[in-house]
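Kindly produce the complete structure, drawing on both the sequences and the hints.
In order, the protein sequences belong to chains R and E. Everything in the first sequence is counted per the working numbering, starting at 125 for the first residue and increasing by one. Everything in the second sequence is counted per the working numbering, starting at 125 for the first residue and increasing by one.
If you are wondering where the hints come from, they were derived from the structure by calculation, not from laboratory data. Predicted, not measured: the structure shown is a model, and the values here were computed from it. C-beta atoms are modelled at their ideal positions from N, C-alpha and C, and glycine is treated no differently. Worth double-checking, as some hints may not be accurate.
[Claimed, not checked] With a Cα cut of at most 25 Å, we get these calculated PhoX-like pairs of lysine-lysine: (1) E:Lys251 - R:Lys269; (2) E:Lys404 - R:Lys256; (3) R:Lys404 - E:Lys251; (4) R:Lys236 - E:Lys404; (5) R:Lys215 - R:Lys426; (6) E:Lys404 - R:Lys508; (7) E:Lys215 - E:Lys428; (8) E:Lys269 - R:Lys236; (9) E:Lys269 - R:Lys251; (10) R:Lys236 - E:Lys251; (11) E:Lys166 - E:Lys443.
[Stated by the list, open to error] Non-contacting residues of chain E with respect to chain R, defined by C-beta distances greater than 12 Å in every case (computed): (12) Leu155; (13) Leu169; (14) Gly213; (15) Pro248; (16) Pro282; (17) Ala301; (18) Pro385; (19) Trp465.
In case you want the letters, here they are:
Protein chains: 2
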Amino acid sequence: MTAYATLTAAQLQQEYDVVTAAFEAAKAKNLKLDMSRGKPGKAQLDLVSDILTVLSTPEDCVADGMDVRNYGELAGVPACRALFAEILGCKPSEVFAGGNASLNLMYDVISKAFTHGLLHSERPWCKEDVVKFLCPSPGYDRHFKVTESFGMELITIPMTEEGPDMDAVEAAVKDPAVKGIWCVPKYSNPQGITYSDAVIDRLAALKPAAPDFTIMWDNAYCIHEFDGDFVPFRDILTVCREAGNPDMVFEFASTSKVTLPGAGVAVFATSEANMAYMQKLLTVQVISYDKVNQLRHVRYLKDKAHTLELMKKHAAIMKPKFDAVVDMLDREIAPLGIGSWCRPKGGYFVSYDAMPGTAKRALALCKEAGVVMTGAGATYPYGKDPQDSNIRIAPSLPPVAELEAAMEVFCVCVRMAALEKLMGK
Amino acid sequence: MTAYATLTAAQLQQEYDVVTAAFEAAKAKNLKLDMSRGKPGKAQLDLVSDILTVLSTPEDCVADGMDVRNYGELAGVPACRALFAEILGCKPSEVFAGGNASLNLMYDVISKAFTHGLLHSERPWCKEDVVKFLCPSPGYDRHFKVTESFGMELITIPMTEEGPDMDAVEAAVKDPAVKGIWCVPKYSNPQGITYSDAVIDRLAALKPAAPDFTIMWDNAYCIHEFDGDFVPFRDILTVCREAGNPDMVFEFASTSKVTLPGAGVAVFATSEANMAYMQKLLTVQVISYDKVNQLRHVRYLKDKAHTLELMKKHAAIMKPKFDAVVDMLDREIAPLGIGSWCRPKGGYFVSYDAMPGTAKRALALCKEAGVVMTGAGATYPYGKDPQDSNIRIAPSLPPVAELEAAMEVFCVCVRMAALEKLMGK
Numbered sequence: 125m126t127a128y129a130t131l132t133a134a135q136l137q138q139e140y141d142v143v144t145a146a147f148e149a150a151k152a153k154n155l156k157l158d159m160s161r162g163k164p165g166k167a168q169l170d171l172v173s174d175i176l177t178v179l180s181t182p183e184d185c186v187a188d189g190m191d192v193r194n195y196g197e198l199a200g201v202p203a204c205r206a207l208f209a210e211i212l213g214c215k216p217s218e219v220f221a222g223g224n225a226s227l228n229l230m231y232d233v234i235s236k237a238f239t240h241g242l243l244h245s246e247r248p249w250c251k252e253d254v255v256k257f258l259c260p261s262p263g264y265d266r267h268f269k270v271t272e273s274f275g276m277e278l279i280t281i282p283m284t285e286e287g288p289d290m291d292a293v294e295a296a297v298k299d300p301a302v303k304g305i306w307c308v309p310k311y312s313n314p315q316g317i318t319y320s321d322a323v324i325d326r327l328a329a330l331k332p333a334a335p336d337f338t339i340m341w342d343n344a345y346c347i348h349e350f351d352g353d354f355v356p357f358r359d360i361l362t363v364c365r366e367a368g369n370p371d372m373v374f375e376f377a378s379t380s381k382v383t384l385p386g387a388g389v390a391v392f393a394t395s396e397a398n399m400a401y402m403q404k405l406l407t408v409q410v411i412s413y414d415k416v417n418q419l420r421h422v423r424y425l426k427d428k429a430h431t432l433e434l435m436k437k438h439a440a441i442m443k444p445k446f447d448a449v450v451d452m453l454d455r456e457i458a459p460l461g462i463g464s465w466c467r468p469k470g471g472y473f474v475s476y477d478a479m480p481g482t483a484k485r486a487l488a489l490c491k492e493a494g495v496v497m498t499g500a501g502a503t504y505p506y507g508k509d510p511q512d513s514n515i516r517i518a519p520s521l522p523p524v525a526e527l528e529a530a531m532e533v534f535c536v537c538v539r540m541a542a543l544e545k546l547m548g549k
Numbered sequence: 125m126t127a128y129a130t131l132t133a134a135q136l137q138q139e140y141d142v143v144t145a146a147f148e149a150a151k152a153k154n155l156k157l158d159m160s161r162g163k164p165g166k167a168q169l170d171l172v173s174d175i176l177t178v179l180s181t182p183e184d185c186v187a188d189g190m191d192v193r194n195y196g197e198l199a200g201v202p203a204c205r206a207l208f209a210e211i212l213g214c215k216p217s218e219v220f221a222g223g224n225a226s227l228n229l230m231y232d233v234i235s236k237a238f239t240h241g242l243l244h245s246e247r248p249w250c251k252e253d254v255v256k257f258l259c260p261s262p263g264y265d266r267h268f269k270v271t272e273s274f275g276m277e278l279i280t281i282p283m284t285e286e287g288p289d290m291d292a293v294e295a296a297v298k299d300p301a302v303k304g305i306w307c308v309p310k311y312s313n314p315q316g317i318t319y320s321d322a323v324i325d326r327l328a329a330l331k332p333a334a335p336d337f338t339i340m341w342d343n344a345y346c347i348h349e350f351d352g353d354f355v356p357f358r359d360i361l362t363v364c365r366e367a368g369n370p371d372m373v374f375e376f377a378s379t380s381k382v383t384l385p386g387a388g389v390a391v392f393a394t395s396e397a398n399m400a401y402m403q404k405l406l407t408v409q410v411i412s413y414d415k416v417n418q419l420r421h422v423r424y425l426k427d428k429a430h431t432l433e434l435m436k437k438h439a440a441i442m443k444p445k446f447d448a449v450v451d452m453l454d455r456e457i458a459p460l461g462i463g464s465w466c467r468p469k470g471g472y473f474v475s476y477d478a479m480p481g482t483a484k485r486a487l488a489l490c491k492e493a494g495v496v497m498t499g500a501g502a503t504y505p506y507g508k509d510p511q512d513s514n515i516r517i518a519p520s521l522p523p524v525a526e527l528e529a530a531m532e533v534f535c536v537c538v539r540m541a542a543l544e545k546l547m548g549k
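See the structure below:
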């Protein structure tokens, strides 16, 4: 195997013939494989079956002197708030325990900013001429889509190896129309990057022109190491408070990838001042979230140490899948010099940067051969990757054997797309 | 006991002395009783304990070929949509199964109308100069509050014995700023009125000036008879479709008062065109709701017939409570001619109309004597009852003995407030 850049025209053609034959062979297998979303696999779901029956009697449903089966307690079961506070490193009074989806809580914060304004807003965002939102990219398509759906202007911020390019962020927040930034600070989606202390300090110390500038801190993978021990991470609420910006951040987390993706518990954490403000708005929307499920999680997960033990079991299932993906890229693609990636230690994704201008084509080929991936461009605002290069690989759902089959197809397709590009096809 | 209106000044004073002594005696008991919200009582929650363990293994969590533990299926578990469709009399494709709170689904519809507009909106409601909403009153405070929180102008529509005053509604919808109406069509909150066929027909046949006028049809008590058999009720989607207004209604229902108030399943039902439109907006907000809990409900409730059997058990607990309330009013208040009420056959409330100008005072006295009721005025827009007369009594939570103690205090307080009024105090 030789780097494609060094091949002659004849060698390129020869390689193209080989790759095309491999592609046709793959197609003939009529595969139906899915690496499109960060869904846990069945073995992970089976790990936590005991949560289904952990509450089985009326007496089980009493906690903190409260019958969780009935209405009430908007901010959630106190023991559940305390559990997440321990995991995130903040205070229970700073945690709001909601329903099953942290995305929904994020949407609620943005939606309320739009309709009512946040604590320090001069007016609801719907009354602003223009609202801009910072999107470190590559990033999470569903984040970008939330702000896009409210007509906000999405501003791409490049990602560096230690988080968002803070020079770009600091320059951008001088514009009072810039109202916030999306962050996945630990094992970022899709690159698996953990923000450095320096980046976190600069984020917390921002002096934005907008008084209601908000960091949307999606700590989705806060305890989701699959390679090595739990890595402690700073509490962003404390960092912001110490930097003189106590109300500048909403943090989000959930058990979607701890217990059950469809039936977990999601929370936001924020300053007590923000909490009081948000509760005044949220009490109009809902009497209380599903506290029975919150209590199920408390009884099942117990505390942070016990939860981390469970995460080790998830890791044992996840690591071979990530190894399969990255090992194959190292073996099949590295020598060809047509792509780059990193080997994350946590989170749910591998980020692959294809030869510029070939990502869309490579994924169209994958689809033709029965392998579904997250759409090319999805990791950039408006679904448009200016380099047409970044591809998000989600190894968690398929069993290893299927994953290897899918990755073989993927490697063939990125090679084929690269060759077409080099050959001017 | 003699009607207060016929008493002389001296007799009023004599009665006032008696009632004041009774009030002081009540206060001395240091009661702490709550009739403020329509919360089911513990006996009702205990009825459904088997739902906690109805799903106990991974295999139990597969339905319609789908593993409900994982992400996906925005509109909910098909079997759950089918169950609600059977109960409501519509098609499964017209049902969206969400989280635990129908209030949250109502809020989402209004919020999306405000931020994005509904299917037939010319623009999002936040871009309208003024938005008005019709509030049949007395009605449900949380409904009114949702629209109030978005700055809409609330218009009071009088309730008649067969539903909202349709002459008033038909006149009001000629104003293009009038965008919708709140309805609790069966066993209305708080009066327990079921809309007549004539009212329903006129509602469905409205020709509002606003193309996006929406009936918010909160069928909260669709199967909640506590006195007598289930009373069939027309499917509002069909009625609207047949009247040429297929997209004019969103219906809401939940199992909050069927299984567990804090952990039930809520749905909305609407035309397929509305459904497609709403799903495009909702998919930005959430990947999927708690399908495990949806499936729990399907397995536990089975079908409409089986659900109605469960409702009979709820009825057996509820009826003595309503009887205790209404019997006491019949005995203690009726002869005095200072209030009126009706005897509902379903729902969660008794509506009491006190002598005009005395509701606030009566409830302040109740509070002083340790009995908490829904605030006076709550059943009217902005919490302001122009007559200061309507009081919502919620008998469901306290056991009968407590309820009787609370109603004794209530009767003393409404008498005292009436006497003060008559005596010009």
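Hint check:
1. For the suggested pair Lys251 (chain E) and Lys269 (chain R), the alpha carbons sit about 22 Å apart, so the restraint of at most 25 Å is met.
2. With a CA separation close to 23 Å, the supplied pair Lys404 (chain E) and Lys256 (chain R) stays within the 25 Å bound.
3. Restraint check for Lys404 (chain R) and Lys251 (chain E): the C-alpha separation of about 24 Å stays at or below 25 Å, so the hint holds.
4. For a cut-off of 25 Å, the pair hint linking Lys236 (chain R) to Lys404 (chain E) stands: about 19 Å separates their Cα positions.
5. For a cut-off of 25 Å, the pair hint linking Lys215 (chain R) to Lys426 (chain R) stands: about 17 Å separates their Cα positions.
6. Of the pairs offered as hints, the one joining Lys404 (chain E) and Lys508 (chain R) holds, with about 20 Å between alpha carbons and a cut-off of 25 Å not exceeded.
7. A C-alpha spacing of about 14 Å is found between Lys215 (chain E) and Lys428 (chain E), which places the hinted pair at or below 25 Å, so the restraint holds.
8. Between Lys269 (chain E) and Lys236 (chain R), the direct Cα distance comes to roughly 15 Å. Compliance with the 25 Å bound is thereby established for this hinted pair.
9. For the suggested pair Lys269 (chain E) and Lys251 (chain R), the alpha carbons sit about 22 Å apart, so the restraint of at most 25 Å is met.
10. Pair hint Lys236 (chain R) plus Lys251 (chain E) holds up; C-alpha atoms about 16 Å apart against a cutoff of 25 Å.
11. Among the hinted pairs, Lys166 (chain E) with Lys443 (chain E) is consistent with the structure: their alpha-carbon atoms are about 15 Å apart, no more than 25 Å.
12. Distance check for Leu155 (chain E) against chain R: the nearest CB is about 20 Å away, which clears 12 Å, and the non-interface claim stands.
13. With a cut of 12 Å on Cβ distances, Leu169 (chain E) falls inside the contact zone with chain R, its closest approach being about 5 Å.
14. Distance to chain R confirms Gly213 (chain E) as a non-interface residue, since its nearest Cβ pair spans about 27 Å, more than 12 Å.
15. Taking the minimum C-beta to C-beta distance to chain R, about 8 Å, the non-interface status of Pro248 (chain E) is violated against the 12 Å cut.
16. Distance check on Pro282 (chain E): its Cβ is at least 25 Å (rounded) from any Cβ of chain R, clearing the 12 Å threshold; non-interface status holds.
17. Non-interface call for Ala301 (chain E) relative to chain R: holds, since the shortest CB-CB distance, roughly 18 Å, exceeds 12 Å.
18. Distance check on Pro385 (chain E): its Cβ comes as close as 5 Å (rounded) to a Cβ of chain R, failing to clear the 12 Å threshold; non-interface status is violated.
19. At roughly 25 Å from the closest C-beta of chain R, the C-beta of Trp465 (chain E) stays outside 12 Å, upholding its exclusion from the interface.
The structure fails hints 13, 15 and 18 (numbered hints given earlier, in ascending order).
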